[in-house]
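Given these sequences and hints, build the entire structure.
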Amino acid sequence: MSEEVKLHGVWASPFSYRVIWALKLKGIAYEYVEEDLSNKSALLLHYNPVHKQIPVLVHAGKPICESMIIIEYIEEMWPDTPLLPTDHYKRAIARFWIKFADDKALSVLRRTLYTTGEELEKAIKECLEILEIVEEHGLEDKKYFNGEKIGMVDIAFGSILYWLGVNEEVLGVKLLEPHKFPRLHKWFHSFQEVPVIKENLPNRDNVISFLKGRRETLEASST
Amino acid sequence: MAKSDVKVLGAWPSPFVMRPTIALNIKSVEYEFLQEDLGSKSELLLKSNPVHKKIPVLIHGDKPVCESLIIVEYIDETWSSAPSILPSDPYDRATARFWAAYVDDKVFPSMKEIFIAEGVEAKKAAIQQLVDGLILLEDAYVKCSKGKPFFGGNQIGYLDIAFGSYLGWLIVTEKFNEVKLLDEAKTPGLAKWADIFCADPAVKDVMPETDKLAEYAKVLAKMRAASK
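Just so you know, the sequences run in chain order A and B. Heads up: the first sequence begins at 1 in full-length UniProt numbering, then just goes up one per residue. Heads up: the second sequence begins at 1 in full-length UniProt numbering, then just goes up one per residue.
Careful, some of the hints might be misleading.
[Said to hold, decoys possible] Covered stretches of chain B (in silico footprint by chain A; criterion: 3 or more residues with CB under 8 Å from a CB of chain A, positions within the stretch not fixed):
{"id": "1", "segment": "10–24"}
{"id": "2", "segment": "60–66"}
{"id": "3", "segment": "69–80"}
[What the hints assert, rightly or not] Between beta-carbon pairs, the in silico distance windows are:
{"id": "4", "chain 1": "A", "residue 1": "E216", "chain 2": "B", "residue 2": "D205", "range": "31 to 41 Å"}
{"id": "5", "chain 1": "B", "residue 1": "A221", "chain 2": "A", "residue 2": "A60", "range": "43 to 53 Å"}
{"id": "6", "chain 1": "B", "residue 1": "K53", "chain 2": "A", "residue 2": "R183", "range": "18 to 28 Å"}
{"id": "7", "chain 1": "B", "residue 1": "K112", "chain 2": "A", "residue 2": "E118", "range": "23 to 33 Å"}
{"id": "8", "chain 1": "A", "residue 1": "E118", "chain 2": "B", "residue 2": "E118", "range": "19 to 29 Å"}
{"id": "9", "chain 1": "B", "residue 1": "A199", "chain 2": "A", "residue 2": "L218", "range": "49 to 59 Å"}
{"id": "10", "chain 1": "B", "residue 1": "L34", "chain 2": "A", "residue 2": "L43", "range": "42 to 52 Å"}
{"id": "11", "chain 1": "B", "residue 1": "K112", "chain 2": "A", "residue 2": "H51", "range": "49 to 59 Å"}
{"id": "12", "chain 1": "A", "residue 1": "H51", "chain 2": "B", "residue 2": "I116", "range": "22 to 32 Å"}
Quick caveat, the hints were computed from the structure, so don't treat them as lab data. C-beta atoms are modelled at their ideal positions from N, C-alpha and C, and glycine is treated no differently.
Below is the structure:
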């Protein structure tokens with residue numbers, strides 16, 4: 001596949017990293033373009049006129065948007081190192097958990113990032129409920145959601161939990177505790193040890209400063 | 001495959017439930033439809049979808065598959081003989097998935113918003129938001145169909161199913177608010193497509209009648225008003 005691959009992303013975005021991990025796991029060469037979301041480029045607006053968001057993957061000049069849709073595209077174009085099971089039923093289960101990650105876990109992550117006071121307390125409570133559901137139903141006794149090797153579901157949850165983990169430091173609240181969520185906690189540790197993931201994480205201190213800065217602005221404007 | 005090997009747990013007014021039934025019809029797969037009483041969910045539903053406890057659920061043999069569009073993909077992959085539901089080209093598949101997500105994430109909530117909006121101004125704003133979304137979908141229809149009748153080309157495809165399943169409710173929304181949402185002026189392609197979709201053999205027996213749906217919507221509105 002010699003046509004050019006470009007990824008338009010943003011350094012502090014979990015969605016950017018999802019695509020980076022998928023590309024790196026499959027050994028796909030690509031050019032990374034850092035976007036400034038406060039001053040969106042004409043190119044980004046051209047590639048994603050509907051949502052005007054990153055990430056956007058551009059392959060042979062054609063844009064694909066929405067992180068997990070991008071990864072399904074990558075999976076189909078570059079089938080080596082599969083990120084989804086081959087069994088149809090297992091694929092349906094994987095897609096179920098990807099949807100759960102994006103509909104439920106992501107929405108609660110956002111609320112822990114962007115709310116204060118009572119709303120934040122509610123978000124934290126919901127977050128624990130979501131983690132409980134994944135702990136009980138999602139992982140079973142597998143090493144990774146995808147089995148022996150990480151796949152799309154691991155990428156979907158891994159990105160969310162990494163940002164959740166950084167936010168735990170910002171908030172001074174522990175959410176993914178090993179005694180409460182032993183499977184998930186063990187899985188997340190293993191996930192972060194996978195070389196492609198370990199070598200492709202944003203600078204943690206930078207993310208902490210970024211989130212702290214946002215929280216300070218949020219708290220200042222709510223008083 | 002015996003009829004009882006494939007079951008769909010659903011409820012007749014639900015647009016989401018139409019998605020797997022249309023897909024099964026396209027594949028000529030016989031199935032048993034089990035109507036759920038959403039006020040009193042069956043043991044089978046609670047066991048089959050413990051996370052969300054929602055319909056639709058496809059039960060194939062003894063294996064439950066949940067989430068309407070995921071069920072459609074499962075049906076397409078499992079009964080892989082023609083006709084295909086998803087496009088074969090990966091870029092077209094990504095495009096179909098993108099617009100299906102748009103329909104679920106933007107169009108459907110806009111429609112719901114119209115029902116719950118209070119006051120003339122709020123309703124007007126909600127209607128405008130929906131219309132803006134439909135205009136984007138008109139453009140997507142033109143690009144995806146490439147002159148053929150459906151988003152999927154000559155036959156109903158994934159995106160036709162995703163968006164078409166909302167048509168019953170879209171018509172009810174038009175009736176209740178005395179507004180044309182899919183019309184020949186703003187969305188000519190979709191206006192024509194809607195008729196062709198609803199008349200398709202795979203669709204017409206599972207699309208609820210507008211009058212029945214309108215009655216149901218009135219009951220829902222009364223319940224909502226009473227619970228305030």
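Okay, the hints, checked on the actual structure:
no.: 1; hint: 10–24; verdict: violated (count 0)
no.: 2; hint: 60–66; verdict: holds (count 4)
no.: 3; hint: 69–80; verdict: holds (count 6)
no.: 4; hint: A:E216 x B:D205: 31 to 41 Å; verdict: violated, 59 Å
no.: 5; hint: B:A221 x A:A60: 43 to 53 Å; verdict: holds, 50 Å
no.: 6; hint: B:K53 x A:R183: 18 to 28 Å; verdict: holds, 23 Å
no.: 7; hint: B:K112 x A:E118: 23 to 33 Å; verdict: holds, 26 Å
no.: 8; hint: A:E118 x B:E118: 19 to 29 Å; verdict: holds, 25 Å
no.: 9; hint: B:A199 x A:L218: 49 to 59 Å; verdict: holds, 52 Å
no.: 10; hint: B:L34 x A:L43: 42 to 52 Å; verdict: holds, 50 Å
no.: 11; hint: B:K112 x A:H51: 49 to 59 Å; verdict: violated, 20 Å
no.: 12; hint: A:H51 x B:I116: 22 to 32 Å; verdict: holds, 24 Å
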